[in-house]
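Asks: Listed here are the chains, written in short residue letters.
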Amino acid sequence: MSNRTQIDARGAFCPGPLMEVIATLKLIEIGDEIEVMSTDQGTVKDLPEWCAKVGHEHVETVQHDGYASLVVRKSK
Amino acid sequence: MGKKILIVGGGLAGTIIANGLCRQMSKQLKTGDVSVTMLGTSDQHLYQPGLLYVPFGKFREAELFRDQRKVLDNRVPYFVDPASNIDVDGKIVTTESGKTHSYDYLVIATGSRIMPQTIPGMAEGAHWFYDLDGARKMREALDNFEGGKIIVNVNAPHKCPVAPLEVTFMLYDYLTEKGLMDKSEITYTYPIGRLHALEPVAHWAQPEMDKYGIKYETFFNTKEVDPGAKTITSEEGETLNYDLLVTIPPHQGAQVILDSDLGAGGWVPTDRNKLLREGSDDVFICGDTTNIPISKAGSTAHFEADTIIDNLTSLLTEERWARNYDGKVFCFVETGMNSGTYVWFDYKTPPNPGAPSQMIHWFKLAYNRLYWLSASGLL
Numbered sequence: 001m002s003n004r005t006q007i008d009a010r011g012a013f014c015p016g017p018l019m020e021v022i023a024t025l026k027l028i029e030i031g032d033e034i035e036v037m038s039t040d041q042g043t044v045k046d047l048p049e050w051c052a053k054v055g056h057e058h059v060e061t062v063q064h065d066g067y068a069s070l071v072v073r074k075s076k
Numbered sequence: 077m078g079k080k081i082l083i084v085g086g087g088l089a090g091t092i093i094a095n096g097l098c099r100q101m102s103k104q105l106k107t108g109d110v111s112v113t114m115l116g117t118s119d120q121h122l123y124q125p126g127l128l129y130v131p132f133g134k135f136r137e138a139e140l141f142r143d144q145r146k147v148l149d150n151r152v153p154y155f156v157d158p159a160s161n162i163d164v165d166g167k168i169v170t171t172e173s174g175k176t177h178s179y180d181y182l183v184i185a186t187g188s189r190i191m192p193q194t195i196p197g198m199a200e201g202a203h204w205f206y207d208l209d210g211a212r213k214m215r216e217a218l219d220n221f222e223g224g225k226i227i228v229n230v231n232a233p234h235k236c237p238v239a240p241l242e243v244t245f246m247l248y249d250y251l252t253e254k255g256l257m258d259k260s261e262i263t264y265t266y267p268i269g270r271l272h273a274l275e276p277v278a279h280w281a282q283p284e285m286d287k288y289g290i291k292y293e294t295f296f297n298t299k300e301v302d303p304g305a306k307t308i309t310s311e312e313g314e315t316l317n318y319d320l321l322v323t324i325p326p327h328q329g330a331q332v333i334l335d336s337d338l339g340a341g342g343w344v345p346t347d348r349n350k351l352l353r354e355g356s357d358d359v360f361i362c363g364d365t366t367n368i369p370i371s372k373a374g375s376t377a378h379f380e381a382d383t384i385i386d387n388l389t390s391l392l393t394e395e396r397w398a399r400n401y402d403g404k405v406f407c408f409v410e411t412g413m414n415s416g417t418y419v420w421f422d423y424k425t426p427p428n429p430g431a432p433s434q435m436i437h438w439f440k441l442a443y444n445r446l447y448w449l450s451a452s453g454l455l
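Here the protein sequences line up with chains A and B, keeping their order.
Going letter by letter, the first sequence gives residues 1 to 76 in the working numbering.
Going letter by letter, the second sequence gives residues 77 to 455 in the working numbering.
Everything hinted at is true.
Below, computed lysine to aspartate or glutamate pairings styled on EDC-like, alpha-carbon distance capped at 16 Å:
no. : chain 1 : residue 1 : chain 2 : residue 2
1   : A       : K26       : B       : E311
2   : B       : K424      : A       : D40
3   : A       : K53       : B       : E293
4   : A       : K53       : B       : E312
5   : A       : K76       : B       : E311
6   : B       : K350      : B       : D402
7   : B       : K424      : A       : D8
8   : B       : K79       : B       : E395
9   : A       : K74       : B       : E311
I should point out that these hints are in silico values taken from the structure, not numbers from a laboratory.
This is chain A alone, in the form it adopts within the complex (with noise of 0.2 Å):
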């Protein structure tokens, strides 16, 4: 049974969410989850993108008002 941390980045504009994930990706296990929810647009595009760089998974984003949640699964 995987685990899920939850990060609460809407109006963290510093260091981000993007940093936050890659900060907390340090502390979980493989196969482990993070939801990071976003105010901003970019992490929408970023995440996923640094996800198929590196070799995490991109398990979803939803959309929300004036937020989205972005899912990641720890692969390595």
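Mind docking chain B on chain A? Use the hints.
Replies: Using the frame of chain A, we list chain B on its own:
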């Protein structure tokens, strides 16, 4: 029986709070209705941002330190006896010497520490300026540098998000002044797909780097350093050669947070508005110690500390909550040896850096002295 406030951590956050509480509740301190006690790790208070200047010979080491007992209000008993366990259920803090401290309200401000050793080869192969020993070694390396490839390597998570840009531009000016820039190359690496986490700052930094011929690699998350071969390799598969590697090392929260099982990575889960530990109504978290996704910087600690002072004072004297933290951060950004800019933002306002100027640089130099007024709770 007076109410006991215990502050764990003698850095900027804890010190501002201790001094601010004394200022706000001097009557209650006098009558014994309130007491403020602090536990720290050193009898010296370090001005951390000053370390940036040490490698360039722009700050004398003695200017970085003051006696913590002189920075603190003399009504605060200060013990150089670091906490070894924090029991928030039993409301007891145990120290390394074996003493125990109870509290009515606890403030945890134990800060963060650099962890270059978590990346293979980094501690042996890289220089940094985030502690005095590292800053001294980097100063020596720059003194001996005769030209070549310098990499400024940024890791996540790191303290003070603008420092990587500052050191890059300062290196450029330093090498230019020494007549070494024409036989040197600076490459800046960053973990995400732009040059800074703050998009407006990244948009400003890229043309600046282009103007000076500073190279950059984005999506570069350090996997390992080979000090023998003088190479650095990223998780993304890129390998770069270097003659001098300057790293912004990853950092982690204090060991006592991990040992007390208060938060992964040493970051304590914290309500972003109330600055209370999640699940507690008597434990405030301040500065680098929180897990709030905002900058780990002295400015953040300062604005958070002001909020905690107001709330603790109101709770103890009027039994009411005063105000929430709005996410405010203000950072100077050195853009070379003779110019600077600044950014400020909060949870609702994005940053918008202005054009660099010499005046802002001078103001930053002035703040390097005014810091002690901040720590004293006066500024």
